[in-house]
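Which chain is which? The protein sequence lines are D and X, in order.
Counting with full-length UniProt numbering, you get residues 1 to 365 for the letters of the first sequence.
Counting with full-length UniProt numbering, you get residues 1 to 365 for the letters of the second sequence.
Warning: the hint list may mix true and false statements.
[Said to hold, decoys possible] Distance condition first, Cα-Cα at most 30 Å in a straight line; then the derived BS3-like pairs of lysine-lysine: (1) X:Lys-206 with X:Lys-323; (2) D:Lys-206 with D:Lys-36; (3) X:Lys-323 with D:Lys-36; (4) D:Lys-323 with X:Lys-323; (5) X:Lys-161 with D:Lys-323; (6) X:Lys-328 with D:Lys-36; (7) D:Lys-323 with X:Lys-348; (8) X:Lys-323 with D:Lys-348; (9) D:Lys-348 with X:Lys-35; (10) D:Lys-328 with X:Lys-36; (11) D:Lys-35 with X:Lys-33; (12) D:Lys-35 with X:Lys-348; (13) X:Lys-74 with D:Lys-161; (14) D:Lys-35 with D:Lys-161; (15) X:Lys-33 with D:Lys-161; (16) X:Lys-74 with X:Lys-323; (17) X:Lys-36 with D:Lys-33; (18) X:Lys-33 with D:Lys-33; (19) D:Lys-328 with X:Lys-348; (20) D:Lys-35 with X:Lys-74.
In short, the hints are calculated from the structure, not lab data.
Protein chains: 2
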Amino acid sequence: METLNVALDERSYPIHIGSGLLSRPELLLPHIKQKKVVVVSNETVAPLYLERLCATLASGGIEVLPVILPDGEKFKTWETLNLIFDGLLAERCERSTILIALGGGVIGDMGGFAAACYQRGMPFIQVPTTLLSQVDSSVGGKTAINHPMGKNMIGAFYQPKLVLADILTLDTLPDRELKAGLAEVIKYGLIRDPEFFDWLEVNLDKLLARDQSALVYAVQRSCANKAEVVAADERESGERALLNLGHTFGHAIETGMGYGEWLHGEAVAAGTLIAAELSCALGWIEAPTVARIERIFVRAGLPVISPALGVDRYLELMSHDKKVQDGKLRLVLLQGIGKAVVSDAASKEQIAAAVEIRCTAAGRN
Amino acid sequence: METLNVALDERSYPIHIGSGLLSRPELLLPHIKQKKVVVVSNETVAPLYLERLCATLASGGIEVLPVILPDGEKFKTWETLNLIFDGLLAERCERSTILIALGGGVIGDMGGFAAACYQRGMPFIQVPTTLLSQVDSSVGGKTAINHPMGKNMIGAFYQPKLVLADILTLDTLPDRELKAGLAEVIKYGLIRDPEFFDWLEVNLDKLLARDQSALVYAVQRSCANKAEVVAADERESGERALLNLGHTFGHAIETGMGYGEWLHGEAVAAGTLIAAELSCALGWIEAPTVARIERIFVRAGLPVISPALGVDRYLELMSHDKKVQDGKLRLVLLQGIGKAVVSDAASKEQIAAAVEIRCTAAGRN
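Let's have the full structure, built from the sequences with the hints guiding it.
Dropping the structure here:
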């Protein structure tokens, strides 16, 4: 087992990464002071892992109150969030009751946001069961739900007490979701860790074949990158925005296609190629670098061509982005593999042109 | 004008209290960096004060985007909150746009909670226009909406950048609401400021007659008490809970009667008498002290007899209270005028007896 620390003073917390962690009571029990916990999960994950988690907690005399939500990004709404509040109130959960989010990014985001709001804040634990949530969304305290006009528009910065990433849970992950998770793994290489990018080029096939030690390494290195960034800039006033490489375009794709049509990682992959294309148009990276980025996403089975929503629709969707400041769209762009910057240097015309290029099936290669 | 400071390190903020502050651009403009602000108000307050606020902001070249909500506690819901989010997104408000809450406690609680959640946090300013919101809810960063099963169950601790309490706005406040606000004013005397309680006994008629200098003094002294408590215990891990004298019973009355039937201050007044009755039953205060407390609330035109919901229903409603810990109800009780404590000393039977006594029209006097 690897353990990392997210250093945020009194809000610091550990991330445990390894195989079979769900079955180890000594990792969970020290964090739980009460006799009952609420576990928020979904209809897909609960049948697979809820029983195991319950058994582990039962060994410490702790009862589980399950709140099982429908599965999918399209349920990341007020209405579903209210199901959590209904459950918490019906079970008379207290301000000090612990909520455990058992599932992927949607469950983590909604469970975390519910914990942030219930009685103005109850403690929570992230138990991510998808690659995407293990390497990204479970770490760093971003919680949210979607609004019809924009993804993750309503939420809170709210840190968990613990993140438990059990690599064994990836065994049951559908291939498509494994690949989607790789988009965020590759992202860390692109924005700040060129050695990790090299490692990924060498070891991508092992990850796709679910080699346990390769997965543990990729999750641990991704989380280490994320923990460093979050510790330096918890509320995204600076460096943390770099984690959103490909996300402004990606969120536009997710919202524009209808939540759940494209997986988040798929949209991020296609969006990253738009960002790379734009960085190239600005003269910051060379065409072969764009090609190299495209190649690793293609090898990971991820889309590199964006859906043809029309350039105007992209611009409209992106105008709601959280990084817009004084009416100017700030984008995460690349100055090389391992070097990202937040910039408003690109004109609307340049952005439109990059979107146009990456929406045509011809693409670059 | 009086200015107090809520000392919370980098989240510190000023409270300005005085007559005619809404017309003074120099108080607002330094806090506003952008060319537009969102003002959240309601159908009652907006016709009275929105134009004045707009004129003040316009003198600094700042445009106002109004979001006008229906008026009343029964609209303190998800659905109404979503109207704010819809407005913010439709107007492309950014993470750095400022939201101004112009109105009473419901507007402040909902505007503040919307600001806490929109894009995970935008800055906001409180412009309270009722006595209750000026002396209590606008200060200290508690924001929330109600849930059918409990008042203020969903919310956030989220501090404003500034509180602007313009006493002139109390001129248009209905008598019933002025009186409701006095309940929270009297509370400060009861829990921690016996000299202020004495002052209130002497000056209550001036407050009821809306004497401006008496009102400024009462608001300023109430806010000074609140600011001290909040600075010492922002997230209610200790002393801050004392501010909830009468509130556990009061919330039960508000929820049990249907939100909006009893004004918050009315429910707090009746609830405070239950707390006083219980304190007396525990031998902590004498019967004449209960009578003295009853007398000032009666003089303020506030209810001192609670509605006959039935004792079981009170206990059921109170079981959702945010101060429940390990299944035990912790209540704010009195050990004298000016001295409150949080205690779980009262048995269920003693609580039931106190509720019973204070639900009968006979009361104590």
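Verification of the supplied hints:
Distance hint between Lys-206 (chain X) and Lys-323 (chain X) is unfulfilled; the C-alpha atoms sit about 36 Å from each other, more than 30 Å. This hinted pair does not check out: Lys-206 (chain D) and Lys-36 (chain D) have alpha carbons roughly 40 Å apart, beyond 30 Å. Between Lys-323 (chain X) and Lys-36 (chain D) the alpha-carbon distance is near 17 Å, which keeps this suggested pair within the 30 Å criterion. Proximity of Lys-323 (chain D) to Lys-323 (chain X) is assessed by CA-CA distance (about 38 Å); at most 30 Å being required, the pair is judged violated.
A distance of roughly 21 Å separates the Cα atoms of Lys-161 (chain X) and Lys-323 (chain D); the hinted pair therefore holds under the 30 Å criterion. Note on Lys-328 (chain X) and Lys-36 (chain D): the hinted pairing holds, with a Cα-Cα distance of about 15 Å set against a maximum of 30 Å. With a C-alpha separation of about 53 Å, the suggested pairing of Lys-323 (chain D) with Lys-348 (chain X) is violated against the 30 Å cut-off. The straight-line distance between the Cα atoms of Lys-323 (chain X) and Lys-348 (chain D) is roughly 53 Å, outside the 30 Å bound, and the hint therefore fails.
Of the supplied pair hints, the one linking Lys-348 (chain D) and Lys-35 (chain X) holds, its CA atoms being roughly 22 Å apart against a limit of 30 Å. Taking the CA atoms of Lys-328 (chain D) and Lys-36 (chain X), the gap is about 15 Å. The hint holds against a cut of 30 Å. Distance restraint check for Lys-35 (chain D) and Lys-33 (chain X): the Cα-Cα separation of roughly 49 Å exceeds the 30 Å cut-off, and the hinted pair is therefore not satisfied. Proposed proximity of Lys-35 (chain D) and Lys-348 (chain X) is supported: the alpha carbons are some 22 Å apart, at most 30 Å.
Between Lys-74 (chain X) and Lys-161 (chain D), the direct Cα distance comes to roughly 35 Å. Violation of the 30 Å bound is thereby established for this hinted pair. For the hint linking Lys-35 (chain D) to Lys-161 (chain D), the alpha-carbon distance of about 17 Å falls within 30 Å, and the restraint holds. With a CA separation close to 35 Å, the supplied pair Lys-33 (chain X) and Lys-161 (chain D) exceeds the 30 Å bound. This hinted pair checks out: Lys-74 (chain X) and Lys-323 (chain X) have alpha carbons roughly 23 Å apart, not beyond 30 Å.
For the suggested pair Lys-36 (chain X) and Lys-33 (chain D), the alpha carbons sit about 47 Å apart, so the restraint of at most 30 Å is broken. Taken as a hint, the Lys-33 (chain X) and Lys-33 (chain D) pair is broken in the structure, with Cα atoms around 45 Å apart against an allowance of 30 Å. Restraint check for Lys-328 (chain D) and Lys-348 (chain X): the C-alpha separation of about 60 Å exceeds 30 Å, so the hint is violated. Only pairs whose Cα atoms come within 30 Å are accepted, and Lys-35 (chain D) paired with Lys-74 (chain X) is rejected, the gap being roughly 35 Å.
Hint compliance for this structure: hints 1, 2, 4, 7, 8, 11, 13, 15, 17, 18, 19 and 20 are broken, all remaining hints hold.
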